[in-house]
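Asker: Here are the chains, one letter per residue:
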Amino acid sequence: MAAAWPISLGYIPIGLAFGVLAQKAGLTSVEIGLMSLLVFAGSAQFIAVSMLSSGIAAVSIVLTTFVVNLRHLLMSSSLAVHFTGENRLKLTLFAYGITDESFAVNLARLRERSPARPWDLNRSIALNQTANLVWIASTAAGGYGGQFIPEKAFGIEYALIAMFICLLIYQLRARIHIVTALITALIALMLSLILPGNGYIVPASVLGATIGLILKHRTGKALS
Amino acid sequence: MNDLDYLALIAGMGLVTFLPRWMPILFLARRKPPEILVEWLDLIPAAILSALLAPALFTAGTPRRIDFTTPELLVAVPTFLVAIKTKSLGGTVLAGMALYWMAGWLW
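Line by line, the protein sequences give chains A and B. Numbering-wise, the first sequence is residues 6 to 229 according to the numbering used here. Numbering-wise, the second sequence is residues 205 to 311 according to the numbering used here.
Hint data in this document are derived by calculation from the structure and do not stem from the laboratory. Watch out, some of these pointers could steer you wrong.
[To be verified] Here are the simulated lysine to any residue pairs, SDA-like style, with alpha carbons at most 25 Å apart:
id, chain 1, residue 1, chain 2, residue 2
1, A, Lys95, B, Lys289
2, A, Lys95, B, Thr274
3, A, Lys29, A, Val139
4, B, Lys289, B, Thr274
5, A, Lys29, A, Ile17
6, A, Lys29, B, Thr274
7, A, Lys29, B, Ala215
8, A, Lys95, A, Ser13
9, B, Lys236, A, Val139
10, B, Lys236, A, Arg116
Being a predicted model, the structure only gives us computed values, none of them experimental.
Using the sequences and the hints, build the whole thing.
Answerer: As structure tokens, then:
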């Protein structure tokens, strides 16, 4: 899966780092791999492991996971318009693999699809599952012996940021997208100073997109 | 925590993660959503990516504080240029990593 390699490159160091951390919290490679298989959500897994090691109740961990991963609601909704009338079983299989990264790559590919650059639900599923396999394998490997791999080699911890930058550029198709991105960046910055963890992502995105939509309608054609 | 408790925990985490991923795509893909929702959802990806990026570039520390001098931000400038010029995801990732690695020698 050629389209999956930038995601995989980003997942490997984070997966290894997560594995090492989870191992220090007392989990085995098998337990780590199982969590990656069932949950498949980077930041939520990091939070869960740190809560586990401070002995916080399972109910609180599940609740936190729910809040942290609520942002996928928005991503799943955005992807849905491209998959009208598709098979439900395939949609279910696809939905399981929606992450920040696979969402943005799939959406960009779906938007640009043409006979020369084809993209569809099957390819999206393949991309998600490739990324998922890389995630499971690298987290389990991290639990096994990730401490021997230097954490800061080759600037690899910048891979996801660089990816988000390029994916954001793909999304800036009209002036209204640039305006929305700038407004959301400001809101996210302010909220990130108040809210711990990544709790700012959902409120900032919802607020930013809503203000963008209002501006688009107020200004008529000028911004769209 | 014993094995059964751990299994129950990750099953619970898996379920609450899966539902928000699954329900919108299952229901929205069956009928055409209203135009205003489509327009709103069209702005959502740019908003999410911007929300993911801004604190990573403009803040540092825990708890976070505003910082305009992070290496992440410095490297982001040429990385943005590469992304705009090449429109290549892999190329941008490699360029960003290389630049960040080099920036590490200076910090």
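Asker: Holds or violated: Lys29/A and Ala215/B, Cα atoms, limit 25 Å.
Answerer: holds, 22 Å
Asker: Lys95/A and Ser13/A: Cα distance at most 25 Å?
Answerer: With Cα atoms ~22 Å apart, Lys95/A and Ser13/A stay inside 25 Å; holds.
Asker: Given the proposed pairing of Lys236/B with Arg116/A, does the C-alpha separation stay at or below 25 Å?
Answerer: holds, 17 Å
Asker: Between Lys95/A and Lys289/B, is the straight-line Cα distance small enough, at 25 Å or below?
Answerer: violated, 36 Å
Asker: Would you mind confirming whether the straight-line C-alpha gap from Lys289/B to Thr274/B stays at or under 25 Å?
Answerer: holds, 24 Å
Asker: Run the distance test for Lys29/A versus Thr274/B: straight-line Cα separation, threshold 25 Å.
Answerer: violated, 29 Å
Asker: Given the hint that Lys29/A pairs with Val139/A, test it: the Cα-Cα distance must not exceed 25 Å.
Answerer: holds, 21 Å
Asker: Keeping to a limit of 25 Å between CA atoms, is the pair of Lys29/A and Ile17/A held or broken?
Answerer: holds, 18 Å
Asker: Is the hinted pair Lys236/B and Val139/A satisfied, with a Cα-Cα distance of at most 25 Å?
Answerer: violated, 35 Å
Asker: Would the pair Lys95/A and Thr274/B pass a check requiring their Cα atoms to be no farther apart than 25 Å?
Answerer: violated, 43 Å
When held up to the earlier numbered hints, the structure conflicts with 1, 2, 6 and 9 and fits the remainder.
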